[in-house]
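Colleague: Spelled out, the chains give:
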Amino acid sequence: MRNRSLVSINDLTKDEIFRVLDLAEEFERNPIQRIMEGKVVATLFFEPSTRTRLSFESAVNKLCGRVIGFSEASTSSVSKGESLKDTILTVANYSDLIVMRHPVEGSARYASEVSPVPIVNAGDGANQHPTQTLLDLYSIRKTQGKLDNLKIVMVGDLKYGRTVHSLLMAMSQFGASFTFISPVELRIPQEYKIYLNELNLSYEEHTDLAENIKNADIVYMTRVQRERFSDPMEYEKVKNAYILRNNMLEGTKPNMRVLHPLPRVNEINTEVDNSPKAYYFTQALNGVYTRMAIMTLILGLK
Amino acid sequence: MNDKKHLSVSAIQNGTVIDHIPAQNLFKVISILGLDKIPNQITFGTNLESKRLGKKAIIKIADKYFERDEINRIAIVAPLAKLNIIRDYEVVEKMLVEVPDEIKGIVKCVNPKCITNVENVTPKFRVVDKKSVSLKCHYCEKITDQEHMNYL
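Chains as they are written, first to last, in this note's numbering: chain A, 1 to 302; chain B, 303 to 454.
Simulated from the structure, these hints should not be mistaken for lab results.
No false leads were slipped in.
Taking lysine-lysine pairs in the BS3-like style, the calculated list, with each CA pair at most 27 Å apart, reads:
1. B:433 to B:330
2. A:193 to B:433
3. B:410 to B:438
4. A:14 to B:438
5. A:80 to B:415
6. B:415 to A:193
Starting from the given sequences, assemble the full structure and let the hints guide the process.
Modeller: Written as structure tokens, this is what we have:
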């Protein structure tokens, strides 16, 4: 991975994924190391994403690197009409690695082609967000002790949810079986079902949440957003149907864990937070270790 | 045999005959090759019977020969097209059009939020299905299919 950009989860081989997860584990055991001393990481957030940005910046800080950047386009030269290419070429002079979040799809791939320093994609529109996928994989492996042959239940907006699509692609490498639970209007797109069929992986589709999580190893929750519905009546009908509550956890497997990419609104009732099966805040912490590992490998520091 | 007879009737002395164009894509081929903007003599026929295509179209362009990359442009809308290169009334060469593995330029990405539609970036695609010609954007990773294809 040395000197390579990370744009899409598909850029990594299975071995490289394991390398990231193993190193992240090492950072979890020993999170303060001075290995990024003298390195400058630029965090260019053309659209705000506080959580992702802070996670990256925390990762750099813990490894004693320095951070420069901006947290929204209005405070950068983009507001003066500068092209993405010019911004990247300029910032590349100031930094050893660029972490970039951009609303335009494919912007990270393009940036990686023009940039002399590696790019880490921190989300390009609805397209890719590979560090999220890697931290999800890390969280799954950590809670289940393995990645192979797990039963993954995905809940909520499966049509537009970038994180679920990437996670599906990644977990399908490990022979997972899937259950998709969503309102009819937000079902998983056909292309992913075709993909799973080609790999001979089993999946089920349901609209009911409580009934279908009993056999799950992982329940991956996502937000159902009002603006995704063409018919507001439809939203009103389903908005309360995809809220995870404590009583639904009864009878689920002891090893089952609830994941969520965050931010949460109301799709996981706060009463669940105290359940030993709630894992989403630890998942966010894992993001720091995973990003430490990714940047360390790309910068060739380990 | 039949073909030869047909050619000799409306023969061109020098130039190119493009055969086996799906009839519905005739005008796309004309526009992609810029045939509507050149001074050459051109005849075309459309909705001709074809066993392979149902309805096919054919274009005869006098005094015009195409480069490889120009032929690739046709491949996207007429993957089965065949070019006859004519010199002095004789077919001196036949060229099959081949859909390339990768397409640069020519087609616009269908995704309005793709970087190629926002900044000055040349679209680039991987051909994921050569038969139906469906293209996966190198940048935004969305699929552009035949039905939604627009040309640069």
